[in-house]
Amino acid sequence: MDKEVEQGYNSVLESLRKRSLFMLHYCTGCGAMELPPTMTSRYDMERFGIVPYVSPRQSDILIITGYVNIKTLRRIVTTYEQMLDPKYVIGMGSCTINGGIYYDSHSVIKKLDPYIPVDLYIAGCMPRPEAIIHSFNHLMELIDTGKADGYRRYKENADFYRENQRKVLGEWR
Amino acid sequence: MRDLGQIIKGSVTVQRPQRIHVNVAATDLLSTVHSLKLSGFNQLTLLTAVDWIDEQQFEVVYLLYSRTEKVVAIVKARIPRGDPEVETIEDLYPNAHKYEVELTEMFGIKVRGNADSGKPFLLENWQDLPPMRKDFDSIKYAGEHYEARHKEVTSD
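Chains as they are written, first to last, in my numbering: chain A, 526 to 698; chain B, 3 to 158.
In silico DSS-like cross-links for lysine-lysine, where the CA-CA straight-line distance does not exceed 30 Å:
#1 B:Lys-100 to A:Lys-692
#2 B:Lys-153 to A:Lys-680
#3 B:Lys-39 to B:Lys-11
#4 B:Lys-136 to A:Lys-692
#5 A:Lys-692 to B:Lys-121
#6 B:Lys-112 to B:Lys-11
Footprint (simulated), chain B over chain A, 3 or more residues, beta carbon under 8 Å:
#7 621-627
#8 632-640
Interface residues of chain B toward chain A, partial, derived using beta-carbon atoms under 8 Å:
#9 Asn-127
#10 Ile-141
#11 Ala-144
If you're looking for bench data, these hints aren't it; they were derived computationally from the structure. We treat Cβ as the ideally placed atom computed from N, Cα and C, and that holds for glycine.
Can you build the whole structure from these sequences, using the hints too?
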C-alpha cells in the first residue's frame, strides 16, 4: 500500500477508535470507589463513548485505580497481555505515580511504568470523577494524535519490561 | 462467667463487663483456650501477635467471643523471641488455620500441628525477616526492592 494512503487510513481509524473505548472493569485499591459515580448517571462517562466491560479480550483501556502490590501486579501484567491491540493504560491516583502513602510498604511497588507502559497518569488521592472524565478526553486527544503508543512501546522495549517484572515477581511465567 | 477465675490458670482482669483480659503462661495457653471453649466461647475473632522487642518476647493474642454471654475474652501469652513456637488450635477453631499460617509468615512464630505453617501464603519469594517484626526495616526493604520515582520537589 502507498505510504500516504496508509497514513490517512490510520488517522481515520484512530479518530474512529477514540470514540468507542471499552474500559476494563478491573479495580485495585481505593480508586474503585471513584468509578461508580463516573460510570453512572451523575457523571455518565458513556456520553464520551466509554463503557465498562468485563472481559480483557474486548477492552481497550486498563485503569489501575490505586496501589499495586506484588500479587496484584502479576494479575495486571497477565490481564494487560491478554488485551488486544490497541490498548491503553491509565494510572490513577498518586499510588501508581510514586507509591503514595504506601511508599514504605514491603509489598507495594512504587511506580507503575517500569512494569507496564502507562499512557496517562491522573494525580490525586483519589482523583475526583471530573479528573477521570478529563483524563478520558485527554486520552482521546492522545489517540487522535497518535501519541498513545504504550502498546507499541511494550513490544519495542519487551526486554526492559520483562526484566523489571522479573525483578519483583521472580521467575513466574 | 463468674466461675471463670477458678477454671483458668492465669490472671483474669475485667476491663468492662463485656471484655475480659486473660493473661496466662505459655505452658497453660492451650488448656486455657480449651476451657474457654468449654465455657461457651465458641468463636475465634482474631489470632495475632505483638512483638515486644525490648523484652525479647512475643505476645500471642487470641480474641474469643461468647455469643450467648456477649463477652470478648482476650487471651495473651508471652513466648520467648528466639525460636518462638506455639501449639495449634485449629482442631478447636477451624478458622484458626489461616490465622496461624499468617502468624508464621508475618512474625516467624512456628505453629506446631498446623500442616501449612511455614508455607508461603501472602508473601511470595520472601527472603528477608518476617515483615511484622519490629527489627524489620520496611523503608529500607522497599527502597532496595522497588524502584522509586526521583523527582525534584519544589514548593512554588
